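Participant: Chains as they are written, first to last, in my numbering: chain W, 1 to 574; chain C, 1 to 360.
Don't take each hint at face value.
[Claimed, not checked] Listed below are the simulated DSSO-like cross-link pairs for lysine-lysine, each with C-alpha atoms no more than 27 Å apart in a straight line: (1) C:K98 to C:K266; (2) C:K199 to W:K405; (3) W:K390 to C:K10; (4) W:K385 to C:K8.
To be clear, the hints were calculated from the coordinates, so they are not data collected in a lab. These figures come from a predicted structure and were not determined experimentally.
The residues making up each chain are set out below.
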Amino acid sequence: MKERIGVYVCHCGGNISDYVDVEKVCRAVENEDGVVLARTTLFACSDSNQNEMINDIKEHNLDGVIVASCSPKLHLATFRNVTERGELNKYTYVHANIREQASWAHSDDKTGATEKAIHLVKAAIAKSRYAEPLYPYWFEAEKTIAVIGGGIAGMKATASLADKNSNVVLIEKESRLGGHTAEWGSLAMTDEKGYELTERIAGDIRNRENIFILTGAEVISTKGSIGNFEIRIRKKPQKEGDPSEIMVMKIGSIVVATGYDHYSPKDGEYGFGNSDWVITLPEFKKLVDSSTGKILEYKGMRISNVVYIYCVGSRQANGGNSYCSRYCCTSAIHTAIEAKKKFNGIVNIHLNRGIRTYGKQELLYAESLQMGDLYLQFNEESLPKIFVKKQKMVIAVKDILSAGKELEVEADLVVLVTGMVPRSDRSVGSMLKLPKGRDGFYNEVHMKLRPVETVIDGVTIAGTCQGPKNISESVNSALSAATKSYSLISKGTLETEPIIAKIDQENCSWCSKCLNACPFDAISKEAVHNREVAIVNASVCKGCGMCTPVCPVDAIDLTGYSSKEMMSMIDVLV
Amino acid sequence: MATKINPKFKDELKKYGAVNMSACYNCGTCTAVCSLSSTEESFPREMIRLSALGIENEIKSSLKPWECYYCGECTNSCPQTANPGELMMSLRRWLTSKYDWTGLSSLLYRSFPATIAALILVLAGTLFFACSRDFNLEEMLHYGHRFEIIAISTVFLVIFVPNLLRMWYFTIVKPKVRTPLKRYFSTSGELFVHMFTQKRYKDCEENTHFRWFEHMILVFAYLSLLFTTVFLNWFATYNLFFIILGYVESLLIFAITFDFVGSRIKKSRTLNKFSQPSDWLFVTWLLLMGITAFLVRLFIDLNLTESVRWVYLIHLIVLAQWALIIVPFGKWTHFLYRSFAMYFSQLKTQSKEPVSESAQ
Chain W
1 MKERIGVYVC
11 HCGGNISDYV
21 DVEKVCRAVE
31 NEDGVVLART
41 TLFACSDSNQ
51 NEMINDIKEH
61 NLDGVIVASC
71 SPKLHLATFR
81 NVTERGELNK
91 YTYVHANIRE
101 QASWAHSDDK
111 TGATEKAIHL
121 VKAAIAKSRY
131 AEPLYPYWFE
141 AEKTIAVIGG
151 GIAGMKATAS
161 LADKNSNVVL
171 IEKESRLGGH
181 TAEWGSLAMT
191 DEKGYELTER
201 IAGDIRNREN
211 IFILTGAEVI
221 STKGSIGNFE
231 IRIRKKPQKE
241 GDPSEIMVMK
251 IGSIVVATGY
261 DHYSPKDGEY
271 GFGNSDWVIT
281 LPEFKKLVDS
291 STGKILEYKG
301 MRISNVVYIY
311 CVGSRQANGG
321 NSYCSRYCCT
331 SAIHTAIEAK
341 KKFNGIVNIH
351 LNRGIRTYGK
361 QELLYAESLQ
371 MGDLYLQFNE
381 ESLPKIFVKK
391 QKMVIAVKDI
401 LSAGKELEVE
411 ADLVVLVTGM
421 VPRSDRSVGS
431 MLKLPKGRDG
441 FYNEVHMKLR
451 PVETVIDGVT
461 IAGTCQGPKN
471 ISESVNSALS
481 AATKSYSLIS
491 KGTLETEPII
501 AKIDQENCSW
511 CSKCLNACPF
521 DAISKEAVHN
531 REVAIVNASV
541 CKGCGMCTPV
551 CPVDAIDLTG
561 YSSKEMMSMI
571 DVLV
Chain C
1 MATKINPKFK
11 DELKKYGAVN
21 MSACYNCGTC
31 TAVCSLSSTE
41 ESFPREMIRL
51 SALGIENEIK
61 SSLKPWECYY
71 CGECTNSCPQ
81 TANPGELMMS
91 LRRWLTSKYD
101 WTGLSSLLYR
111 SFPATIAALI
121 LVLAGTLFFA
131 CSRDFNLEEM
141 LHYGHRFEII
151 AISTVFLVIF
161 VPNLLRMWYF
171 TIVKPKVRTP
181 LKRYFSTSGE
191 LFVHMFTQKR
201 YKDCEENTHF
211 RWFEHMILVF
221 AYLSLLFTTV
231 FLNWFATYNL
241 FFIILGYVES
251 LLIFAITFDF
261 VGSRIKKSRT
271 LNKFSQPSDW
281 LFVTWLLLMG
291 ITAFLVRLFI
301 DLNLTESVRW
311 VYLIHLIVLA
321 QWALIIVPFG
331 KWTHFLYRSF
341 AMYFSQLKTQ
351 SKEPVSESAQ
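Here chain C stands alone, though its shape is the one from the complex (with noise of 0.2 Å):
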């Protein structure tokens, strides 16, 4: 069965972020450059081309774009100046917006106004709330706290695992992978190593692991962070240890986003050179999120009980902007989808292999 083509795909991907993929011509240096890329799992150039060529359904049913972590070697290294890590980075933002059922990810991604609208409404909601409330602290520390926790498990199970059931489905059901389901429990543990370690993410640069490990202390800090503040109820504690705890995490996430956030002011990596609103949105909002709880802790503890309330007042509007829009339809679902996109991927080469005996 003949695959048609679609050349107006290339319009759609460059709304995703896509720049000048068009002046490809197909070299492969790209490919040839690219440490993570190998015989049997070939990128970027292949998916460049079923971009240029917009076989959407396979493109779809691809984990490759997961499989880069854009270190930017084949973007300097590109004859052509076509970009193929910044391709590889909008087809993530694409594939997060099919996997989204809402479609709410494909317009936040497509549509500025449409992000800054999210982020007024979500804005005026809190500001709504609090009003209601007469910026009661206390009032507004219960039920903050318990909207945290709410929306968790409303984030969880009404938007990430639907998704991941439909990230499933697009690239191990249609593509017809068949793998027998103990596979789906010996290889988990791939999962998690893959979603708290980022451990692809060090074989991408050559030199230095800095920004993996960088990146990795991010991930310990805003994972235990949040853990503090919804479980351990950092702001309501009296436990030294908890405290002292929230205050290394939120420090930790506060110094780490600074940097990041540097680096795209300077583009000084290729990685940061063409930044869209979604990924000012993710460090931004993640650096606010760590400055604003750590502010909230210290007011607390200096007892400056009339200033927490306004202090609060704004951390819980990052807040509720950082549940309600950056993390189940931006980009803050990247954590999820890399690492079972690597636990997919280990299911696929194992469908190709036969079952061993010694796997039982």
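Looking at chain W on its own, in the form it has when it is part of the complex (with noise of 0.2 Å):
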């Protein structure tokens, strides 16, 4: 029970005090039981303030502190810092939220608005006086890190973590390196050619001492959380008939590379599958890539007048896939150039939704001007047709550019510039319990904050198959998720937060309730004293409180979120 709290009431230069007479808030909390202290101050987070409370601490003796300000999103770690600066646990600090839920929530009332910010930090000083000491959890952790996919992404990752002097597993299931990249002749900006990139990046990994690489091989399960992974593995036997190999390895941290799926167009999408004549951007640049002499031939036949459709599977507003796949519209164009080159004759018709070449990619937009492509626009609400008139494949479209002109294209060949979808084998995010965004892609934690870490600690993920990317996006996010991983275990030792759930093992009785409700697997039975018991894995457990409400004989306590503390906080605010 704390006796000698300390309260700021924050004005936020105004964001609060405008709405919310703090001085009032002030004097309604002073004579609270055990509060020795309460000032308003101009802006809490200030270096001149934070130095005033470390004074306070000490000087009043302070055994709780609490900051009425904004949210505890932006500020909680800067005060429990504050707290520990002054030589308290940190976790006895008490955050309440006046801002976000009472100065603007409610700039329409301000006497309301006072009212509940007077609640709110009645409310944090009666969990103040319940708060106890906590101290993180601190465990070894295995310092060899797993990357998993084999393309430009994870070659990319694996390297740079060999140059971290990190042991590295690479696992690829397909039994060669480089992944999509692999597939292609020249590439948009360098016109090095893919197999060349992969096989020189493949030849540097393979000739270093720390990095064990796996191919035909996949995860088929994996165990524990960051610092202490056991992932199992399956390697494909080298004759058929063999048993497969399995193999177990100990991992401190997972890189995810798992790349993306072309998108494949529906049956009867643009004439795809009615029409020999209709193939997507991967199979035209494979044509292009592997014709030889001037004159490009695709099914005994000669092609002139390519149209290119863009957007087929992106940009979709009713149910299909909604984001833009990016590297396609370069890619297009680069591929449209390469032909152009190559062979005599070509007519590029580019049917798009609007050219994003963005950054330097708009050098080959303006190339493909020059050498006479044509560009028309269609949005989505009238899609190009295609129909066959006098035995030619004709596409109707119409072009906004030309003030919405009904135009008809002649075409010898028609291309679908096909976007990115994600893999359709989603086994690895399964295991690891990777969440998904609503494009099906692995999500980040924060787009701009933390790019490539992912809810569950410890994994990373890296490439396409957090969305589409060109390759050197894909390299960039590698080599970002690479010392990230690396920066999480590279100390050996690893602390987690205190705030878990409890198990009161002599009530609890084994019921596999909380066990169903908890998101990370961190709650399991064992056997304490002959009986059956649910334990938590502190080192997995997120604090997340999913399960103490399920609980039928109430025997798990949220630390830091004691029943007893909530409850008198609900006794404040009602």
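Mind docking these for me? Both chains are given alone in their own frames, and the hints should help you get the complex.
Facilitator: Here it is as structure tokens:
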């Protein structure tokens, strides 16, 4: 029970004090039980106030600190650190949010906002009285890192980790490294061949002592958590009929780089499947790469008019893939230029929905314009239609650059510029419980602030498994993921938050309800003194609190949010 | 009815002088900066788009290329250096060759060797004629004068009238512009105003109207010199007023065309950066016409009888080439097509309005 609590009510420069009477809040709480100090401050987070708080803790011998200010998302960590610098346990700090929850939410009702703020601060005081000092958990971490997926992203992540002297296991399902990149000939912007690029990187990582490459190998199960993953790998037998080899590995952190699938048009989408002369961009790219001679032939026919239809399987509003696949505009234009340079008489006509050749890729767009490629633009409401007229394939399109004129374009070959879709094989994601976004790709924690981390500690994502990217973007994200994965475990020890579920083993009678409620697989059954009870894996538990309310005998308490603390807060609020 | 596109049309236009038009990415800056473009009559982007897609029928029925007077502002502002101004210019050349029923315009515009051959042919013909008359000045003057009258009327009846009818057919009849006959009369004033003053050109430049003024003086000087030589028989007249008039006119032509040729050489103005053979031919021959006519009369007045013969022969050659090649099949025709385009355009606009009582 805290008896010397200090309360700070923040103006937030007017963000709070314009609507909440902060002085009134201060006076309303200064006589609460246990409060020895209550004052307002212009900016609680400012350096000067932080130093004042540290002085107060020492001078007034405080045993609990409360700041009533903005959202804890913004400054909980700041004030926990202040408390720690004042030589108190940082988990005794309690935060009250009177900006988002009072002043901003009720800017039309100043009296009500003030009233609510008083309640929120009193509730925080109630919690503070029972707040216990807590201590983070420390444990040893494995220093080997696994990279799942041996495409361009996986290989670059592997090389980067090896540079950091970390042991790396690279696991690739196929029998060769390189992924989709190895399928291509000349690549946009660099004009290096795709297979040469991947071979160059593969050659580099094959020669490193601290890299262990497994091809034809699949992760079949994972166990454990950051620092102590245990993954089981099945390796395809060398010869058919041999038993497949199962390996078990101890891993500290995992980089997932499982890549993408090409969008495969539905039967009949722009005549795909119905006509031999409607193919996808990857198919066309391979045709251009592999054809020799000065004339482009496909299935024995000479090709001159090539019509590209963009955004097939991308940017669809209704029920389809709503995202832009980023790489396809550039790739289509690059392939069109290649075809025109390589073969005689090629006429490229691009039916697009706005060209997105961002950055230096704009140069390719300019080059293709200079070479005389035609660009017609349609919108989603009127998609191009393909039909046959006098034995010729004709595409009708409403060109918005010609004031919506209905135009007809003759084609020898129609190329559907298809985008990227998530891998149909999601086994790695399901095993690791990686969350997926609405687009079906794996989600990062925050697009800008934590772009390669997932909510699963110790698992980072790299390359196109996270969303469509071109090769250089994939490589950038791979290097970032490698560095992040490395930094998590490089010390060899790990600290986790002490706010986790605690089981009262006396009361627990193992009904498995908590096990089913846990989204992180942190609960397991164990025999203690001949009784079956639930136990919590401290390094896996996230302290989400899902298990607490489902326990029929109330044997689970959440550290830092104990029933006692929560009940006392509710008493003040109602 | 959907329109078929023709990606190869661009290559055709290149022969008429289009420069770098493929680079256009349809931003519309050209239309935004154009001081003649309006919401109802918007160009040049629309014409660039039609050209890129190769929709020949719509270009053929459009009067917009003639509504542009090439100030060069669009070309200067184009972020892609796609040269919209030069494209409009090449469309005018293309239209000229489409209006021409003989197909000779088309041949001369696209083929420089053909132009040279035609010039040499006329040169040879004139020399042959002069030779057959033993280079007799009296006879040469007599037949030269007669040639002028015959050439003017023939070119007018055989070339211009049918070509203007074709232009009318392409731009008014085929696009089904319905306009009552009386409007052809009530609007005809517009035709002559534009023909003689190039009124619209004045709105083209922002600050100075010097070029418009120069151009207008040239038109007046040229037309009146034509009148002076053909109907007042300048080379044979004794009327002092007529003689001085001719001197003034030919000097003006010389001075202005000298400036025009100079700016094409220096490429000082945007519109002069990409001169085609047809442009060179037009200004140079106009200059030569001015200077030789001046010298002929000067030599007559100075009684340099022997020299007059040769100067007149040169004048006759230039004149014949001018009257048989440049006027009917070259750039000269823009004098007619521009003014008729303004006239037809006015009719088109009016056809969208109901016939008002007061117009009667």
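Participant: Decide, hint by hint, whether the structure agrees.
Facilitator: Verification of the hints:
{"no.": "1", "hint": "C:K98 to C:K266", "verdict": "violated, 31 Å"}
{"no.": "2", "hint": "C:K199 to W:K405", "verdict": "violated, 33 Å"}
{"no.": "3", "hint": "W:K390 to C:K10", "verdict": "holds, 25 Å"}
{"no.": "4", "hint": "W:K385 to C:K8", "verdict": "holds, 23 Å"}
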